[in-house]
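*Asks:* Given only the sequences and the hints, what does the whole structure look like? Please build it.
So the sequence lines, in the order shown, correspond to chains U and X. Numbering-wise (our numbering), the first sequence opens with residue 6 and increments by one. Numbering-wise (our numbering), the second sequence opens with residue -16 and increments by one.
No lab work stands behind these hints, which were simulated from the structure alone. Among the clues, some could well be false.
[Said to hold, decoys possible] Between beta-carbon pairs, the in silico distance windows are:
#	chain 1	residue 1	chain 2	residue 2	range
1	X	Lys200	U	His65	40 to 50 Å
2	X	Lys165	U	Glu96	32 to 42 Å
3	X	Ser35	U	His65	15 to 25 Å
4	U	Lys124	X	Phe65	28 to 38 Å
5	X	Asp106	U	Lys124	15 to 25 Å
6	X	Lys165	U	Gln82	50 to 60 Å
[What the hints assert, rightly or not] Coverage of chain U stretches by chain X, computed from C-beta distances (three or more under 8 Å per stretch; other residues unrestricted):
#	stretch
7	16 to 24
8	91 to 101
9	105 to 119
[Unchecked claim] A partial selection of chain X residues facing chain U, derived with a Cβ cut-off under 10 Å:
#	residue
10	Leu33
11	Ala34
12	Thr42
13	Met48
14	Glu52
15	Leu75
16	Lys89
17	Gly93
18	Asp141
Where a beta carbon is used, it is the ideal one built from N, C-alpha and C, also for glycine.
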Amino acid sequence: MRAHLQMVVIDDNATNRLLPGLFLRPLGYSVKECDGAKEALDWLKNNPCDVILLDISMPHISGLQLCQQLRADQRYQHLKIIAYTAHAMPEEVLLWESSGFDKVLLKPIRKDDLLTLFK
Amino acid sequence: MIQAWLLTMVLMAVCVLMAYFYVQERDRNRAQQIEIDKARISKRHVNDFLASMSHHLRTPLNGVMGYAEYIYSSTREPMIQFTSKIILENSLLMLHLVNGLLDLSKIQEGSLDLSQSDFDISDMVESVRALHQVRADELKISLHVSLAPNLPSQMKADPYRVRQVLNNLVDNALNYNRPQGKVTLSVTPSSNKHWVVFSVQDTGKGIAPEMQETIFKRQQKSDNPFLLRPNEGAGLGLVLSHHLINLMGGKLDYSTKAGEGSMFFFTLPLQGDAKLAT
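*Replies:* In structure tokens, the structure reads:
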């Protein structure tokens, strides 16, 4: 497994925002938490990043909008963007998979599912 | 002169009749279209509501399950491990219930959409086995897969739903088994090769006679509604599996022998259900 990846978790819900970091930091990942698209975009401008865990339902700019914005930006083509969402109906999952997300991580998450993403 | 007049009258009558039928047909089409639109809107509302419910239930469950797992994996204190594992297991049960109830609601509202695509049968069965292997080892039950040699490699159905039914049947076969028991997941083609038969065999006690009639039905209120029979869950899994297999053009059934075990089996059309073809 690759360690020292820089991750950003973007979720307006603090409980769910802090959870992935609890599992990933002890394994050597650097994790930055952002409560919305604006904070994330500001941070991404000045910091390197490999993977984004992105919630879908957020105020102001949804995760879907942010994903499409990042996909359209030359600077962020290397980013792996993972939908981190409780929108889990099969038709919703199909939508995330066809909307620019590399993978989908459904809430509630299990530690193993989270780690499998980076194998 | 009279002939010309008669002809004019007949032509006019024909025109009036045609106009009348045209208007009637148009109104009928409109009424039909309105009904179709209403059904579509109602189906969309139901689906939107259920999707929103699912989202709202799963979001707090992420907090419960995630932090319980974190506590469990970051302590060596036996009592804390024991209690956090209980939280984790119970929230997992709740997640299954939430998923099952949402699916059942969709089926009842007629708004469950099934996809149809080709998938590899042995990959599917192997992934189901792999998912349950840890639990089988915990319970000291041997879990086997048996694929008929003449089984086609691919079939057409909704892979998400086939997996859901198989997971449910294997889960039941593990839960209602005896220690040192055995679970066998088999797949064979039907003799005419048009169908695929999946079966899950256990070595448990068998299904009690009083349960057999209602096993695929939603639980009815009995004379003693608060009496819980041993080993009785919410009973959603089999009800749901039965509906799902029916919707995919197949049939779910079982055979059971007291003291020796049960076998649940379902058939699905190898090339998918023509009704579901898009």
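*Asks:* Return the numbers of the hints above that this structure violates; sort them in rising order.
*Replies:* When the structure is compared with the hints, only number 17 turns out to be violated.
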